[in-house]
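Visitor: Sequence:
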Amino acid sequence: MGLSTACNGQAVHHARPAGSGEKKMKESGMKAVLFGYHEMACTGLKALMDAGFTVSALFTHADPASGAQFYGSVARLAERHNIPVFITEDVNTAEWQARIASLEADYLFCFSYRQVLSEAILSSVKKGAYNVHAALLPAYRGRAHLNWVIIKGETQTGVTLHRMIKRPDAGPILAQKAVEIHPQDNALALHTRLVATTAQMLPTWLDALVAGELTETPQDERAASCFGSRKPEDGQIHWQAPARDIHNLVRALAFPWPGAFTLADSQRFTVWQTRVIDARKASQPGEVVSVTPLVIGCGQGQLEILQGQSAGGESVTGTTLAGQLGLIVGQHLAR
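Numbering (UniProt numbering), first residue to last: 1 to 335.
Some clues are possibly wrong.
DSSO-like mimics (lysine-lysine), calculated; alpha carbons at most 27 Å apart, straight line [stated by the list, open to error]:
hint, residue 1, residue 2
1, K127, K177
2, K127, K46
3, K31, K127
4, K31, K166
5, K231, K152
6, K46, K177
7, K166, K126
8, K166, K127
9, K166, K231
10, K126, K46
11, K46, K31
12, K166, K177
13, K177, K31
14, K177, K152
15, K31, K126
Estimated spans, in silico, between C-beta atoms of each pair [said to hold, decoys possible]:
hint, residue 1, residue 2, range
16, T93, R167, 17 to 23 Å
17, R268, A196, 32 to 38 Å
18, Q236, L188, 16 to 22 Å
Since the hints were made in silico from the structure, they are not lab data.
Nothing here was measured: the structure is a model prediction, and the numbers come from that model.
We treat Cβ as the ideally placed atom computed from N, Cα and C, and that holds for glycine.
Please model the entire structure based on the sequences and the hints provided.
Guide: Below you can see the structure in the form of structure tokens.
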């Protein structure tokens, strides 16, 4: 039973033949099915094609309707290479499981796909299912690990290739590459570095995987940690926290993420960029210590707001923002 380009009304992108100017890929004779989204999936698809895999299908998520996105569309990339693209709210139905099995793929690869795949899907491929996770497993399993590592003040993260099992992100590790987190990195800067590292390592990893040269190492459950997804409202600043922790929150949620936010009276505003300063003067959490520059007291230390944005406004300097909001020294922001 072959895969069709539509299933019970599910949204699907239709593939078209690749143009005559497409880069000629080597052939490995291996068939793969890809589950992925975002820039990581674009990187993964390119690496698979360059390694000679025949990608039989891509399962992904719908791109934003507005077309406003800071990352590449893996669906559009797949279409350019005549790869069928499928979008479904539940890929684990019996019908989809049967259709995926009908592909008779050698490998399954996953890059930033949001649905947990069933054991039936994972076992439907001949040589194994593998995930590329943008963190150093067993730490930071789960969701939003890009943001969480910055929030938690980590100085290092990385990329992990592991075999997929029933429990998400818990399968044995085949390869890892560490990535430094710089002190002023925001989430987008770190994301860019992780994607570049993945692009650098995948050719070697894929060749070694096919050649049977990678050794599986079970994850140490004692070192495991798991984090959930984040919602925009999770970005509220609690000024009782140390200045360093608030600074990390701002870095983790900077544009194009929704941003960390706070309230001045009833006026909500977003904080895009901050700097921890040497607090020589005692202050209370949320206290406006200065408006030129805009400095706020924290539970420990003080924080300078370098860039911010009022509701409906544009990103401006902290001093300009203070003027727009009518902030005065001694005023307290919502804690």
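Visitor: Which of the numbered hints above does this structure break?
Guide: Those not satisfied: there are none.
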